[in-house]
Amino acid sequence: MEIFDCLYTAYGPQHWWPADTKEEIVIGAILTQNTAWTNVEKAIAELKRAKCLSFRAIDAIDEPSLAELIRSAGTFRQKAVYLKSFASWLTEKHNGDLGAALSGEPNRVRRELLSLKGIGPETADAILLYAGGHPTFVVDAYAKRVLRRHFLIEPGNNGYESIRNVFMDSLKPDAQLFNEYHALLVEVGKRHCKATANCESCPLAHLDHNECL
DNA sequence: TGCCAGGCCGGGT
DNA sequence: ACCCGGCATGGC
Numbered sequence: 001m002e003i004f005d006c007l008y009t010a011y012g013p014q015h016w017w018p019a020d021t022k023e024e025i026v027i028g029a030i031l032t033q034n035t036a037w038t039n040v041e042k043a044i045a046e047l048k049r050a051k052c053l054s055f056r057a058i059d060a061i062d063e064p065s066l067a068e069l070i071r072s073a074g075t076f077r078q079k080a081v082y083l084k085s086f087a088s089w090l091t092e093k094h095n096g097d098l099g100a101a102l103s104g105e106p107n108r109v110r111r112e113l114l115s116l117k118g119i120g121p122e123t124a125d126a127i128l129l130y131a132g133g134h135p136t137f138v139v140d141a142y143a144k145r146v147l148r149r150h151f152l153i154e155p156g157n158n159g160y161e162s163i164r165n166v167f168m169d170s171l172k173p174d175a176q177l178f179n180e181y182h183a184l185l186v187e188v189g190k191r192h193c194k195a196t197a198n199c200e201s202c203p204l205a206h207l208d209h210n211e212c213l
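At position 151 of the first sequence (counting the first as 1) the number is 151 in the numbering used here, and the numbers step up by one without a gap.
Since the hints were made in silico from the structure, they are not lab data. Careful, some of the hints might be misleading.
Result set (DSS-like, lysine-lysine): computed pairs, CA atoms no more than 25 angstroms apart in a straight line [to be verified]:
id, residue 1, residue 2
1, Lys-117, Lys-22
2, Lys-93, Lys-144
3, Lys-144, Lys-84
4, Lys-144, Lys-48
5, Lys-194, Lys-42
Just so you know, these numbers come straight off a predicted model, no measurement behind them.
Model the full structure from these sequences, guided by the hints.
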């Protein structure tokens with residue numbers, strides 16, 4: 001628990017996911033794909049203003065209008081398709097009940113999410129963890145960089161599943177732990193491990209050689 | 001001013 | 001099984 005302890009000591013609890021409802025978590029998870037969160041916040045504010053921050057409303061609105069509401073999130077035409085796709089799946093297969101849709105055996109739910117257009121492994125895991133409360137680890141670009149930086153993965157073994165397994169195999173399957181861990185990795189990544197790294201004053205700077213997760 | 005951000009898809013090798 | 005181009009806004 002070396003890396004986690006350093007991050008938690010430095011930054012404390014992160015209180016993720018930043019949203020008021022489970023549906024807002026899913027919407028945010030789709031909107032934040034390859035997008036800065038500040039741009040997602042504007043899009044969510046627009047959805048809320050238009051009373052479209054729910055899958056019932058997203059199912060009802062036409063796609064071009066939805067796209068305009070989420071324009072600030074970037075790749076907005078694609079994301080409008082993804083949101084509509086999720087909404088129709090939720091309505092038709094689960095009677096609009098997100099809690100029910102996400103309950104059950106985690107791997108089964110995960111495969112179901114992955115079958116939807118616009119839901120890849122990271123988005124699926126974010127939904128499972130933050131909206132469903134399932135102990136699945138969310139791997140993002142920052143997690144990859146941190147593991148690379150500390151020699152915890154081979155260069156060339158960058159597949160999503162293999163990196164996810166690094167965490168899943170060495171940590172207790174605890175949703176609260178995975179919640180904080182992912183959020184803390186994003187936080188340290190934003191501050192110190194972007195494309196142009198800034199390792200000065202990084203709380204992990206002293207962990208150079210194969211430290212533990 | 002160009003590069004980047006809490007990825008994913010479809011087509012090609 | 002990987003690799004790549006496209007998608008697109010707002011901030012630094």
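Structure-based check of all given hints:
Taken as a hint, the Lys-117 and Lys-22 pair is honoured in the structure, with Cα atoms around 19 angstroms apart against an allowance of 25 angstroms. About 34 angstroms separates the Cα atoms of Lys-93 and Lys-144, which puts this hinted pair outside 25 angstroms; it is violated. Our distance criterion of 25 angstroms between C-alpha atoms is broken by Lys-144 and Lys-84, whose separation comes to about 30 angstroms. Between the alpha carbons of Lys-144 and Lys-48 the distance comes to roughly 33 angstroms, so the proposed pair goes past 25 angstroms and is violated.
For the hint pairing Lys-194 with Lys-42, the CA-to-CA distance comes to about 23 angstroms; that is within 25 angstroms, so the pair holds.
Checked against the numbered hints above, the structure violates hints 2, 3, 4; every other hint is satisfied.
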